[in-house]
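Work the whole structure out from these sequences, hints included.
Chains as they are written, first to last, in our numbering: chain P, 1 to 115; chain W, 116 to 226.
There could be a bad hint or two in this list.
What the hints assert, rightly or not - Once the Cα atoms are required to be at most 30 Å apart in a straight line, the calculated DSBU-like pairs of lysine-lysine come out as:
#, chain 1, residue 1, chain 2, residue 2
1, W, K194, P, K18
2, W, K160, W, K117
3, P, K18, W, K117
4, P, K38, W, K117
5, W, K194, W, K160
6, P, K38, W, K157
7, W, K117, P, K40
8, W, K157, P, K19
9, W, K117, P, K41
10, W, K213, P, K41
11, W, K194, P, K22
12, P, K41, W, K194
13, P, K19, W, K213
14, W, K194, P, K19
15, P, K22, P, K9
16, P, K19, P, K38
17, P, K38, W, K213
18, P, K9, P, K53
19, P, K53, W, K117
20, W, K160, P, K19
21, W, K117, W, K213
22, W, K157, P, K18
23, W, K194, P, K40
24, W, K160, P, K40
25, W, K213, P, K9
26, W, K157, P, K41
27, W, K194, P, K38
28, P, K53, W, K194
29, P, K53, W, K157
30, P, K53, W, K213
31, P, K40, W, K213
32, P, K22, W, K160
33, W, K213, P, K22
34, W, K213, W, K157
Quick caveat, the hints were computed from the structure, so don't treat them as lab data. On a predicted model such as this, the values are computed, not experimentally measured, just so you know.
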Amino acid sequence: DTEVTQTPKHLVMGMTNKKSLKCEQHMGHRAMYWYKQKAKKPPELMFVYSYEKLSINESVPSRFSPECPNSSLLNLHLHALQPEDSALYLCASSHPGGGNTGELFFGEGSRLTVL
Amino acid sequence: RKEVEQDPGPFNVPEGATVAFNCTYSNSASQSFFWYRQDCRKEPKLLMSVYSSGNEDGRFTAQLNRASQYISLLIRDSKLSDSATYLCVVTSTGTASKLTFGTGTRLQVTL
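If you want it as structure tokens, here you go:
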């Protein structure tokens, strides 16, 4: 079982709704990530937090708003989404500079459907 | 040109076969290289890192050719449980936290 927990596992929302995706890890990792994955496509990086500070934003539309309240938690706030935003949203964590070791620990993902 | 490219497959092989995947990357400044495995409707998991000298982990062998900018993964004695999508992953200089995933190669091992 993954040590990165994501909730909810499934979410259906309308284009006017506001919802949040949550991610939690207790491995002491200080880097946390949001990825978006469409069917039959690879994960695409959205945001990276390092030591609770946003370090990478891959030009993600402002209708996605990340938040890192503490070293164990990562949220993704969703507002006014479009149907094309429907995807699997994966949270991951690693030691900072996790890119050098390549070991990202992924959660099972939150499958989002926007109607 | 995509940063990291792979043949999407699928590769359909019988049990016991040897299969090889290649991956090419466009950024010559790329620093680190990995293979991840993703099962259907599951999250990606690290399979192995790829070193310039080549490395082996049981039935899996990974190699890196920096001059030609490609990475390979060889699976010997394929098992049914090897059926999955194999993702080539690359990190770039100066962005140690930014892993770029290839499109993935789907492997189906059959009886």
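Verification of the hints:
1. W:K194 <-> P:K18: Violated, at about 45 Å.
2. W:K160 <-> W:K117: Distance ~22 Å between K160 of chain W and K117 of chain W Cα, so the pair holds.
3. P:K18 <-> W:K117: Violated, at about 34 Å.
4. P:K38 <-> W:K117: holds, 17 Å
5. W:K194 <-> W:K160: Cα-Cα ~18 Å, so holds.
6. P:K38 <-> W:K157: Answer holds: K38 of chain P to K157 of chain W is near 13 Å, not above 30 Å.
7. W:K117 <-> P:K40: holds, 16 Å
8. W:K157 <-> P:K19: holds, 23 Å
9. W:K117 <-> P:K41: holds, 13 Å
10. W:K213 <-> P:K41: Distance of about 18 Å is within 30 Å: holds.
11. W:K194 <-> P:K22: violated, 36 Å
12. P:K41 <-> W:K194: holds, 24 Å
13. P:K19 <-> W:K213: holds, 26 Å
14. W:K194 <-> P:K19: violated, 42 Å
15. P:K22 <-> P:K9: holds, 10 Å
16. P:K19 <-> P:K38: holds, 19 Å
17. P:K38 <-> W:K213: holds, 19 Å
18. P:K9 <-> P:K53: holds, 26 Å
19. P:K53 <-> W:K117: Judged against 30 Å, a Cα distance of about 29 Å means the pair holds.
20. W:K160 <-> P:K19: holds, 28 Å
21. W:K117 <-> W:K213: Cα-Cα ~15 Å, so holds.
22. W:K157 <-> P:K18: Given that 30 Å is the threshold and the Cα spacing comes to 26 Å, the pair holds.
23. W:K194 <-> P:K40: The hint holds at about 23 Å.
24. W:K160 <-> P:K40: Since the Cα atoms of K160 of chain W and K40 of chain P sit roughly 16 Å apart, the hinted pair holds (cutoff 30 Å).
25. W:K213 <-> P:K9: Given pair K213 of chain W, K9 of chain P holds - Cα atoms ~25 Å apart, limit 30 Å.
26. W:K157 <-> P:K41: holds, 13 Å
27. W:K194 <-> P:K38: holds, 27 Å
28. P:K53 <-> W:K194: Measuring from Cα to Cα gives roughly 43 Å; hence the hint is violated.
29. P:K53 <-> W:K157: holds, 28 Å
30. P:K53 <-> W:K213: Holds, at about 15 Å.
31. P:K40 <-> W:K213: holds, 21 Å
32. P:K22 <-> W:K160: holds, 20 Å
33. W:K213 <-> P:K22: Holds, at roughly 21 Å.
34. W:K213 <-> W:K157: It holds: about 21 Å lies between the C-alpha atoms, which stays within 30 Å.
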